[in-house]
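Let the hints inform the model, and build the full structure from the sequences given.
2 protein chains.
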Amino acid sequence: MARTEISTLGEFGLIKHLTKDLKPLQPSTKKAVGDDCAVMDFGAKKVLMTTDMLLEGVHFNLEYVPLKHLGYKAAVVNFSDIYAMNGTPTQITVSLGVSKRFSVEDLEQLYSGIRLACERYGVDIVGGDTCASMTGLTISITCLGVAAAKDIVYRNGAKLNDLICVSGNLGTAYMGLQLLERERIVAASDDKAQLAFEGKEYLLERQLKPEARRDILEALHKAGVKPTAMMDVSDGLSSELMHICSQSGVGCCVYEDKLPIDFQAAALAEEMNLNIVTCALNGGEDYELLFTCSLDDYEKLIPIDDLYIIGHITNPEYGCNLIGRNGEELALRAQGWNAFNQ
Amino acid sequence: MARTEISTLGEFGLIKHLTKDLKPLQPSTKKAVGDDCAVMDFGAKKVLMTTDMLLEGVHFNLEYVPLKHLGYKAAVVNFSDIYAMNGTPTQITVSLGVSKRFSVEDLEQLYSGIRLACERYGVDIVGGDTCASMTGLTISITCLGVAAAKDIVYRNGAKLNDLICVSGNLGTAYMGLQLLERERIVAASDDKAQLAFEGKEYLLERQLKPEARRDILEALHKAGVKPTAMMDVSDGLSSELMHICSQSGVGCCVYEDKLPIDFQAAALAEEMNLNIVTCALNGGEDYELLFTCSLDDYEKLIPIDDLYIIGHITNPEYGCNLIGRNGEELALRAQGWNAFNQ
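Chains G and V supply the protein sequences, listed in that same order.
Here the first sequence is numbered in the numbering used here, starting from 710 and rising by one per residue.
Here the second sequence is numbered in the numbering used here, starting from 710 and rising by one per residue.
A portion of the hints provided could be inaccurate.
Since the list gives no way to pick one copy over another, a pair counts as held whenever it fits inside one copy or between any two copies.
Said to hold, decoys possible - Under the rule of at most 25 Å between Cα atoms (straight-line distance), these lysine to any residue pairs were calculated in the SDA-like manner:
1. 909 - 973
2. 777 - 828
3. 732 - 814
4. 935 - 751
5. 754 - 858
6. 809 - 712
7. 931 - 736
8. 935 - 716
9. 809 - 840
Don't read these hints as lab results, they were simulated from the structure.
Given below as structure tokens:
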């Protein structure tokens, strides 16, 4: 039998390949694979569903990630997917695969993080599964949410001349990971080494304890703005922009000097000899909201805190491009994290 | 810090410990942890949710489980949880953790089994997550279902003098596993060995490709019987009966000579020097339906195919007991599989 390496398809290619030709059987299925969440219609409101799996050694390293933070993050990244459809997360189930290395106290720590996230975002833990694993820790969380049908924002609604907006800043979680990784190596070679985290706490926080941008949705709602397309930035801006453009059948133009970049992240990138723009475009795990909205909403967007207009939607022939500081045009590439290539 | 081994609590104890004091925050949460599914109210119908994680080396051994069968089973066990609440499964999400050992063709096989199960049971695949793992294969499936509020059957409704019924037969999937394990060892020591599966195909089928008992629910519905309490038998009859009794605040009495046992299973147990009654009480993965219903429904139950009345509900002081063939009374013990003790 033929053997095709998974790395030749990548994560998105693989999912596409495995789910091609799927036809909905249930009238309640309104949107299946291909967006941040699935959408179901069970009555008055629409139900959103998303799921995320985290594996030790792939998605997290317990040498520098405290279990409570890990639990918090595992829950929040799911909430972020529900918000990215303009919904409200309501329930999660939590499945854990746990090796003997972990004690009940360890799992209490993990769960306390999950519970804290749930309390903060008003979400219920309604079930799950806990089983022994041969090696390491596996966390799989599935989240339900609700939204009125008219409020849901998909990835495929971006229109010519729409503004492209992003919240917060980009590449910061990635720089936090670089910092943790660097200090881990230092600590491993010299156990008396002072870890150089001072003045860089924000980078750590963005990597270890991200928040979902509920506040941005509330501000948009208050301002009377409904995005035309939206995603959360989990695999890097380039990759997400290309999803929105390909699903909406449009192109885009974003400006390097408009990308929101945190100064701690920029300073560390300089120190580590990394290009911060590349980090902002391709670093993952920011969990910021990326959306497009009508040019008519421009005035309403301006007063919203921590929100940045970074470009606009073009016709599809233009492709997806970044305009550099000197006016040069660079095609965006989806370098988004392909774990099958590591 | 104190270190408590997870094995001291067991799976159910651990889940109870981690989820104690959870208070619903969402008005749509009607039932959280503690039954086959969570129950949510999003409008006209109630939404059920269940999740199940399968880990290589713990829940399955790819030396004798074909990937297509594994996919089929991983989906069906989730459907079984929805049926066990008297609901209809409607959507699943599929998360996979996959090491480099697996090719795209392997995942196609796995997915073809999941898709076959979904087609047979009319369920949609609406999302998921596929990521690289360091070792082995991890499958986490979450299933949604629907039911009218009046139709949902919980574990806590069993009443004094209710009949206890079970579908199909018990211990058969466990005997299938014993057979596969025996032949695996034979094959490992002699690669020319003829595997002794002839006349035992049904045991393999029950282990490798279980079905959820939608047919039993349809028959009950047709007969006008609504169970008072229900579960699916995934961890062994004893364990499940004790769940129903403790949650309903009752006791039970079941009869050894009423337990439905398949003749192939009995023959293999004899051959392998195992007690088939112990296997029927404690073997897992039967995915049969166990339910209680009113004594008034007795006449309606009799014509239903493949359904067996095995005992009745008593007052709680009596405890949970098995009446042996010679009239002796034995307290049931929940020996259900505790993977943390393996």
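Between the shortest in-copy and the shortest cross-copy C-alpha distance, which are at most 25 Å for residue 809 and residue 712: within, between, both, or neither?
between (34 Å within a copy, 12 Å between copies)
Quick one: residue 777 to residue 828, C-alpha cut-off 25 Å, is that within a copy, between copies, both, or neither?
This pair counts as within: shortest intra-copy Cα distance 14 Å, inter-copy 40 Å.
Alpha-carbon proximity context of residue 935 and residue 716, limit 25 Å:
neither (37 Å within a copy, 51 Å between copies)
My question is about residue 931 and residue 736: at a cut-off of 25 Å on alpha-carbon distance, are they close within one copy, between copies, both, or neither?
Close across copies (24 Å), not inside one copy (33 Å); limit 25 Å.
Intra/inter-copy verdict for residue 909 and residue 973 if alpha-carbon distance must be at most 25 Å:
Cα proximity of residue 909 and residue 973: one copy only (6 Å, versus 67 Å across).
Can you give me the call for residue 754 and residue 858, within, between, both or neither, at a CA distance of at most 25 Å?
both (7 Å within a copy, 17 Å between copies)
Residue 935 and residue 751: within-copy, between-copy, both or neither at 25 Å Cα
Both, since 24 Å and 23 Å are each at most 25 Å.
One pair to classify: residue 732 and residue 814, alpha carbons no more than 25 Å apart. Within, between, both, or neither?
between (45 Å within a copy, 21 Å between copies)
Quick one: residue 809 to residue 840, C-alpha cut-off 25 Å, is that within a copy, between copies, both, or neither?
both (11 Å within a copy, 23 Å between copies)
In this structure, only the earlier hint numbered 8 is contradicted, and the remaining ones agree with it.
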